[in-house]
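Novice: Here are the chains, one letter per residue:
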Amino acid sequence: MTATTDKISKPEARGAKFELDPGKAPRRDIVTDVIVQPLHTISLLVRNKPGVLCRVAMVFARRGYNLESLVVSPALWNANDGTAPGEFSRMTITCSGDPDALEQIIKQLEKLIDVVHAIDHTGQAVIESELALVKMKAGLKDRTEILQVAENFKAKVVDYSAESMILRCAGETEKLDAFVGLLKPFGIIELVRSGKILMARGLEET
Amino acid sequence: MLQKTTSGGDKIIQCLEREGVEVIYGYSGGAAMPIFDALVDSKIKFVLVRHEQGATHMADGYARATGKPGVVLVTSGPGATNCVTGLLTALMDSVPMIVLTGQTITPMLGKDAFQEADVTGITYPVVKHSYLVKNAADIPRVMKEAFYIATSGRPGPVLIDLPKDITQGPCNAPMVDEVHLPGYHIPGRADSELIKKAAAIISKSKKPVLYVGHGAVISGAGKAIMLLAEKLNAPIVNTLLGKGACPEDHPLNQGMLGMHGTAYANKTVSGCDMIMAIGARWDDRITGKLSEFCKEATKIHIDIDVAEFNKIIRPDVSLAGDAKMVVEDLLPLVGKLDTADWLKDINGWRKQFPLKYPKKGGLRAQYVLDRLDKLGGRDCIITTDVGQHQMWAAQFCLTTKNRHWLSSGGAGTMGFGFPAAIGAAMATGKPTWCVVGDGGFQMTLCELATAALQKVPVKILIINNSYLGMIRQWQELFFDNRLSGADLEGNPDFVKLAAAYGVPGKRVKRAGDVDKAIKWAMAYNDGPCLVEAEVVKDDNVFPMIPAGAPLTGMIIEKPKTKMEKPTGST
Numbered sequence: 001m002t003a004t005t006d007k008i009s010k011p012e013a014r015g016a017k018f019e020l021d022p023g024k025a026p027r028r029d030i031v032t033d034v035i036v037q038p039l040h041t042i043s044l045l046v047r048n049k050p051g052v053l054c055r056v057a058m059v060f061a062r063r064g065y066n067l068e069s070l071v072v073s074p075a076l077w078n079a080n081d082g083t084a085p086g087e088f089s090r091m092t093i094t095c096s097g098d099p100d101a102l103e104q105i106i107k108q109l110e111k112l113i114d115v116v117h118a119i120d121h122t123g124q125a126v127i128e129s130e131l132a133l134v135k136m137k138a139g140l141k142d143r144t145e146i147l148q149v150a151e152n153f154k155a156k157v158v159d160y161s162a163e164s165m166i167l168r169c170a171g172e173t174e175k176l177d178a179f180v181g182l183l184k185p186f187g188i189i190e191l192v193r194s195g196k197i198l199m200a201r202g203l204e205e206t
Numbered sequence: 001m002l003q004k005t006t007s008g009g010d011k012i013i014q015c016l017e018r019e020g021v022e023v024i025y026g027y028s029g030g031a032a033m034p035i036f037d038a039l040v041d042s043k044i045k046f047v048l049v050r051h052e053q054g055a056t057h058m059a060d061g062y063a064r065a066t067g068k069p070g071v072v073l074v075t076s077g078p079g080a081t082n083c084v085t086g087l088l089t090a091l092m093d094s095v096p097m098i099v100l101t102g103q104t105i106t107p108m109l110g111k112d113a114f115q116e117a118d119v120t121g122i123t124y125p126v127v128k129h130s131y132l133v134k135n136a137a138d139i140p141r142v143m144k145e146a147f148y149i150a151t152s153g154r155p156g157p158v159l160i161d162l163p164k165d166i167t168q169g170p171c172n173a174p175m176v177d178e179v180h181l182p183g184y185h186i187p188g189r190a191d192s193e194l195i196k197k198a199a200a201i202i203s204k205s206k207k208p209v210l211y212v213g214h215g216a217v218i219s220g221a222g223k224a225i226m227l228l229a230e231k232l233n234a235p236i237v238n239t240l241l242g243k244g245a246c247p248e249d250h251p252l253n254q255g256m257l258g259m260h261g262t263a264y265a266n267k268t269v270s271g272c273d274m275i276m277a278i279g280a281r282w283d284d285r286i287t288g289k290l291s292e293f294c295k296e297a298t299k300i301h302i303d304i305d306v307a308e309f310n311k312i313i314r315p316d317v318s319l320a321g322d323a324k325m326v327v328e329d330l331l332p333l334v335g336k337l338d339t340a341d342w343l344k345d346i347n348g349w350r351k352q353f354p355l356k357y358p359k360k361g362g363l364r365a366q367y368v369l370d371r372l373d374k375l376g377g378r379d380c381i382i383t384t385d386v387g388q389h390q391m392w393a394a395q396f397c398l399t400t401k402n403r404h405w406l407s408s409g410g411a412g413t414m415g416f417g418f419p420a421a422i423g424a425a426m427a428t429g430k431p432t433w434c435v436v437g438d439g440g441f442q443m444t445l446c447e448l449a450t451a452a453l454q455k456v457p458v459k460i461l462i463i464n465n466s467y468l469g470m471i472r473q474w475q476e477l478f479f480d481n482r483l484s485g486a487d488l489e490g491n492p493d494f495v496k497l498a499a500a501y502g503v504p505g506k507r508v509k510r511a512g513d514v515d516k517a518i519k520w521a522m523a524y525n526d527g528p529c530l531v532e533a534e535v536v537k538d539d540n541v542f543p544m545i546p547a548g549a550p551l552t553g554m555i556i557e558k559p560k561t562k563m564e565k566p567t568g569s570t
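In the order they appear, the protein sequences are chains Y and X.
Counting with my numbering, you get residues 1 to 206 for the letters of the first sequence.
Counting with my numbering, you get residues 1 to 570 for the letters of the second sequence.
Okay, chain Y solo, but in the shape it has when bound (with noise of 0.2 angstroms):
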């Protein structure tokens, strides 16, 4: 074992004093407008290696959990660490389903080979982020209603045209479920929502 081992909190204390957090209450989906289960925010440190996705993948798929989102980007390097350029990534992964089965997720998350550590952020303080553009139909009738919707929420305009608008907003997902759903009334033609990113407060491992 090299360097960098040592710089990684032992996943074997964390794993033995476990403890679960009871995660949020059941919320209604602003979208699909149903009650939905508690949602869980899980923060992995991977390898970067072929099929850590599908092992990722494979460990909520056989306990029944559903992905709500998933982001992975590449991860910061530093030669000083010992780690080289695109050696890790980051994901950050959203999920609702059975919280007892979740504790057994992360320890499982955290037995494969290829992942550094699994953090469960749920319910910590955390600053997280999202990033959405919604395709609206924007008739000369509506148009203004929905520049006024989007200034107050600091979105952005990014594509306009004579029938339709695209507009980008940033910002924690229950901002963003505000923002969709009072856009929803003037005919959304498409949403991408990039999913949530978050990263812990002050000192602490995200």
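What you were told as hints is all true, and nothing was included just to trick you.
Only pairs whose alpha carbons sit at most 25 angstroms apart, straight line, appear in this in silico SDA-like list of lysine to any residue: (1) Y/K49 / X/N172; (2) X/K299 / Y/D100; (3) Y/K49 / X/P170; (4) X/K144 / Y/C54; (5) X/K111 / Y/M58; (6) Y/K49 / X/C15; (7) Y/K49 / X/G169; (8) X/K289 / Y/Q104; (9) X/K311 / Y/C54; (10) X/K401 / X/N233; (11) X/K299 / Y/P99; (12) X/K311 / Y/H121.
Worth flagging that the hints you see were computed from the coordinates, not collected in a lab.
Take the given structure of chain Y and dock chain X to it, following the hints.
Specialist: Just chain X now, kept in the frame of chain Y:
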């Protein structure tokens, strides 16, 4: 003379030699040709099996008997998919194994080439880790990592998929001695504070029990556990796979617990006030109805795999570490407990509910296995298949030495016993008994050719009741005896079948002939031999805890009234 360039295949074999591999089990094929070519010049012995599943179980038996990783080499497509059962068996029972599979050339990957299968994809859920090597320079690193991962921590199978252009092309990469796996951590010694907490719990106990599993076998914790048990004066029970970690003929050892365990082992567990699991994972075959299991007892769980904590049971203390090290660390912190009354209770149960079977009405499997135990079976390695004979062997053949009992527990793989015996006998040179049923034996009996060719001293004992006995037992007890898919009509003449492979055999139909046949097989060491015991067709394994029932719902003999269908997992 021109220096021969090193091919990827050569490099793989060199890596295997560096890891100390003595024998490879496998089956050749197109996509693996370059590796087979490299084998010609190697001192590693290659055993050509008759079906790839047999190769995986042989490597599994080799690994279980020695602790060293078993190595399998097969070709792509069907060769690789035939290994899936063996991988599952090894994963469920934490057996170190390396499976090398050939693969189509890299430019053809994903293009439905001849004998192509997405083997890494198919095997994700049944491996500890796997690799698809797409660059020859990665070979030394991948091989080093694979052996390290397979054998360390909680052992398991590692699969390496090797495209033919990689193994055929040149490989000049230097050998690798270090592994860099930032996502892989192995607990060694457990947290000392937690050990103190566990010791305090143990010291308060009046009715302790040590529940010993396969982890104790793997880490060689038996000696330490015996010291602990004797120091505490605490009884021991072991799981099916924990047999042999602690000698079963020791007065403190109550034998196997669980669904078909001894009545006194299960009563010990039901009545205890403290249970400590040492390398065991509270399997559903052990706990029965979970909400009723050891409700009043405090629980300590020692495991090297932290994912086992809180999976089934929420223990009062979880000790993450190597079973042997943790028990050794616990030893100086505990003293003698006042367990005289507790042991008196247990001895009472031993007298009241001994293992027993009817002595009349034809040849009984229990009698045959009891005789095997008395006539020297205890000094041999015993492998079993899966079913009634497995449970009877576990009950009547006491295991006194570590790694002398090999059985497929978690996966319950029929067809495991015979090839595993070949692997174990080849690895250790010890006389090896392979106790199989007439059903399971027929799943892998093609390996008679392998055993005969290699002159492996495997003594096959077929417990032949012409039924899938455990299925028949359940249908009799829970399904109004409506037999379905249980009758093995059309069984061959096993003695003649063995003779066709040049393997000598004897058939036993009467109790009076059992000793002679067992002694004959014990004395025959020139190669495999076979004893077929034609036993009572409709015998049942007791004691039995119906799946999903609490331990106290154990039935000692056949009930007079009809029973409810079991609610447990299977």
